[in-house]
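Q: These are the residues of each chain, in order.
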Amino acid sequence: MQAHAIPEFPLPLSPDQAEAMAQRQIKKHHVAIVLLHWFNAIVWMLELSTGSALIVAPAYRFMPWWYLSMMAGIFGSRANMLRFHIAVGLLWIIVFLVYAIFGFRNYLHQEVLRREIALDHDDFDWLRIRLLRLLGRSQAALPKQGVYNAGQKMFALLVYSAVPFIMITGLIMTFHLGTALVAWSMVLHFLLVGMVVSGLMIHVYMGAVFPEERQAFYSMITGMVNELYAYRHHFKWWREIRINEEAWRQEWMGEYSQDKTLPSHTGDRAPLVPENAEADARNSGEGVPS
Amino acid sequence: MARYAMVIDQERCVGCQSCAVACKSEWDVPNGFARTRVRQAGVTGSFPRLTSAFYVSQCNHCDRPTCVPACPTGATYQDANGIVRVDRELCIGCGSCVAACPYGARYVSPTLGKVDKCDFCASRVEKGLDPACVATCPAHAKIFGNLEDTSSDVFRMVYREGAKRLESSEVAIGPNVYYRGKPEHADMLLASFPLQMPRTIAAGKVWAKVANKLVYFAIGATFLGQAVAFFRQLAAGEKQFED
Chain A
1 MQAHAIPEFP LPLSPDQAEA MAQRQIKKHH VAIVLLHWFN AIVWMLELST
51 GSALIVAPAY RFMPWWYLSM MAGIFGSRAN MLRFHIAVGL LWIIVFLVYA
101 IFGFRNYLHQ EVLRREIALD HDDFDWLRIR LLRLLGRSQA ALPKQGVYNA
151 GQKMFALLVY SAVPFIMITG LIMTFHLGTA LVAWSMVLHF LLVGMVVSGL
201 MIHVYMGAVF PEERQAFYSM ITGMVNELYA YRHHFKWWRE IRINEEAWRQ
251 EWMGEYSQDK TLPSHTGDRA PLVPENAEAD ARNSGEGVPS
Chain B
1 MARYAMVIDQ ERCVGCQSCA VACKSEWDVP NGFARTRVRQ AGVTGSFPRL
51 TSAFYVSQCN HCDRPTCVPA CPTGATYQDA NGIVRVDREL CIGCGSCVAA
101 CPYGARYVSP TLGKVDKCDF CASRVEKGLD PACVATCPAH AKIFGNLEDT
151 SSDVFRMVYR EGAKRLESSE VAIGPNVYYR GKPEHADMLL ASFPLQMPRT
201 IAAGKVWAKV ANKLVYFAIG ATFLGQAVAF FRQLAAGEKQ FED
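Residue numbers (my numbering), protein chains in the order written: chain A, 1 to 290; chain B, 1 to 243.
Here chain B is said to cover these stretches of chain A; the calculated rule only asks that three of the stretch's residues, wherever they fall, bring their Cβ under 8 Å from a Cβ of chain B:
1. 48 to 57
2. 131 to 137
3. 181 to 194
4. 199 to 207
Note that these hints are calculated values from the structure, not bench results. Since this is a predicted model, take the numbers as computed values, not measurements. The beta-carbon is built from N, C-alpha and C at its ideal position, and this holds for glycine as well.
All chains should be built: construct the whole structure from the sequences, respecting the hints.
A: Now the structure itself:
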């Protein structure tokens, strides 16, 4: 791609361009987010498998008896299973609290509020067309998307609105904070978890099975996606990155053009290096833009 | 296996409250609550033919307890010997069982945040002792024993001397605390302390009628939608080159 011409809309790519872009990796997730994602995934698996086995009353129970006794057997008793459920839940709350407090500026404010939740017009179109395409009723192109597509944003919206209440109701039940409060917490805890699970099913399917999003799955391991995937699936994000990259280039170019004596090839960089040895050592690490 | 029961002998009970005190001290029952209580059912008739009864109330360890299925976590359960118990490790203190009990035998302990009630002093019974209230009753008005043991006092009183269960036409769940005395004693107790219909707490109704259905629908609809998408994906096959 030409550095100066950042397209407003996704243009058709030549095979060479596509191949070059497929080779280039772009950072999508911070290491902190990757770790948190898999921590969260493990917690959800543990909490769902134990929590579903804790609901015993015939009026509310949905897992079969053999599952309840199997889980009680694995943990020794249902009381132990409840202890485990509570311990993992408390750990989960503590970790997310630390994340929320220390990561507020870098992650929550910058990433979550601005990029993961806010839906725009393209997002609503995307949701409609995505659904029709999934059901095989449309072949229309999907609208441009930011770093997260509208489906991911919807899931994030569901999760971010439900999780605080799942945590609070869990704490109310753990610490027995009043009879009526505990009673309503049970219902809310179950209802919200159920809603998140229905979204989680799509999340897991899209991430692990759905072919078009395979890159997104790898990005949750390596943190990186290739540029072609970003270009085709998250064009607005790709453009943002290109604009930032261009600004970065311009910054370097500015310094470059101020120093008229800089030769065009790196072999002749002697005039740039200052006379004294201290500055020499300081500058020796980074090369000059070429 | 035993089938434990208790008999309150109306001809011996004088309403001295010793059993209530013994129980409270045995189990550290907080102020304002009780595992067993003694209340008097009015004095009826005209002098000198007066009748009164003492309602010694506690958990009845019913044959068909309404509290056991009401408990969401299974903390309330029934032992094979008939004793209905609360597993404090599992109880979260939601109060579902309190509303389900027709005898008002349960309370949510403010100190524990969990449900507490009479368990026939199961830990004493396991050691071969009588429950604290029975051991302390100065008039031997509380008799504890095994209904399957034909030589026991409770067997004699229940099956030969006609000790009665406190049941009504609406609420008949087989309570195992029997009241021995004249027939009018039991009627008087039922008239003065009517049984409460087993209730489901509001949150429980919302759970069973709304929350469950919403969750089943959401998960079911998602599953079906995904199944369609998945089979379309399978039918399309995989490509060698993907971005």
